[in-house]
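Protein chains: 2
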Amino acid sequence: MAVAFEGVLADRSAWILENCSMAMTMDAIGTRSAVTILREALYGTTRFDDFVRRTKTTDAIVSARLKQLTELGLLSRQPYQEPGQRTRYEYVLTDKGRDLLPVLFAMMQFGNKHLQPDGGPLRLVERGTGDPVRIVALSASGKELQLEDIAIEANGTWAPNRP
Amino acid sequence: MAVAFEGVLADRSAWILENCSMAMTMDAIGTRSAVTILREALYGTTRFDDFVRRTKTTDAIVSARLKQLTELGLLSRQPYQEPGQRTRYEYVLTDKGRDLLPVLFAMMQFGNKHLQPDGGPLRLVERGTGDPVRIVALSASGKELQLEDIAIEANGTWAPNRP
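Residue numbers (the working numbering), protein chains in the order written: chain W, 122 to 284; chain U, 122 to 284.
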């Protein structure tokens, strides 16, 4: 069972996908170190030394990734200064970066369920109630959808490429 | 603004994350070629030649990735035979593989919104109604949650590592 294709996409042999958004997202953030740094940003880490310590990554890699993620507009670089110290910078998740929440937490959900012997170290809950939180596909009417309930249409502006 | 930490995790300086499920998911499927092959499996592709053609990847890479994803239990390898041909194998998404749906579609959603000039080639809709589908964090009571509404607790079986 798979996703359904509708409209001009219904004949799968008649088109091939270019400019795949999943592949573009992987190109942008698809390394282990980028994901762990984005995880820490989501968890409230802002300072270089904390990123290094909490991701157990080298200074050089953290530095390169912070630069890359800032250039991508996922983190915002902001100056701060402590008394008697030079100006330093901290890195805060932007609105664009926050839009990675479903990506990152869906990866956590998958890892917790399938890659950890005991369900993983952390679990997502609703603040206030403590009820479990899941990352799901949701319809406009608020219904949780399974693979069989989902279809894919061509964006109006896109003409499918011939194979 | 970031996720809240509760219980034994409330003091962020007192623990450090090991065995991160996001990092483990990246280790398992975190390459562009693995993601595009899983995308095709989600879209109903099952045969080697179709994976090669539709992901525009070399035979060698597709072959290696199909082997890897089968070993991980994300794809199931099943024999088929066409008249007068030798037995071949096709690759079908397993239940475990289907659990990657939120990961893959969340990447599509992010890419469509932020990495494509015109919203990307494909859009997710509800089968039957054609209404838009989004990947979201959902509470047990069916409420869509934002970053500020989510907290993280320690899994009962996990003792936080000292930094």
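The reader is advised that the hints may include incorrect statements.
Note that identical chains are pooled: a pair holds if it fits in a single copy or bridges any two copies.
[Said to hold, decoys possible] Using 25 Å as the maximum straight-line C-alpha spacing, the simulated DSS-like pairs for lysine-lysine come out as follows:
id, residue 1, residue 2
1, K264, K188
2, K234, K264
3, K264, K177
4, K234, K188
5, K217, K188
6, K234, K177
7, K234, K217
8, K177, K188
Since the hints were made in silico from the structure, they are not lab data.
When no copy is named, should K234 and K188 be tagged within, between, both, or neither for a Cα gap of at most 25 Å? Between copies only: 22 Å across, 32 Å inside.
Status of K177 relative to K264 across identical chains (alpha carbons, at most 25 Å): neither (40 Å within a copy, 35 Å between copies)
One pair to classify: K217 and K188, alpha carbons no more than 25 Å apart. Within, between, both, or neither? Result: close within a single copy only, 16 Å intra versus 35 Å inter.
My question is about K264 and K188: at a cut-off of 25 Å on alpha-carbon distance, are they close within one copy, between copies, both, or neither? Classified as neither: same-chain Cα gap 39 Å, cross-chain 35 Å, threshold 25 Å.
25 Å Cα cut-off: does K234 pair with K217 within a copy, between copies, both or neither? Answer is between; shortest inter-copy Cα gap is 9 Å, intra-copy 27 Å.
K177 and K188: within-copy, between-copy, both or neither at 25 Å Cα: The answer is within: 18 Å in one copy meets 25 Å, while 30 Å across copies does not.
Is it within, between, both, or neither for K234 and K264, if the alpha carbons may be no more than 25 Å apart? Answer is both; intra-copy 23 Å and inter-copy 22 Å each pass.
Indicate which option fits the pair K234, K177 if close means a Cα-Cα distance not exceeding 25 Å: within, between, both or neither. Classified as within: same-chain Cα gap 24 Å, cross-chain 31 Å, threshold 25 Å.
Going down the numbered hints, you'll see the structure goes against 1, 3, while the others check out.
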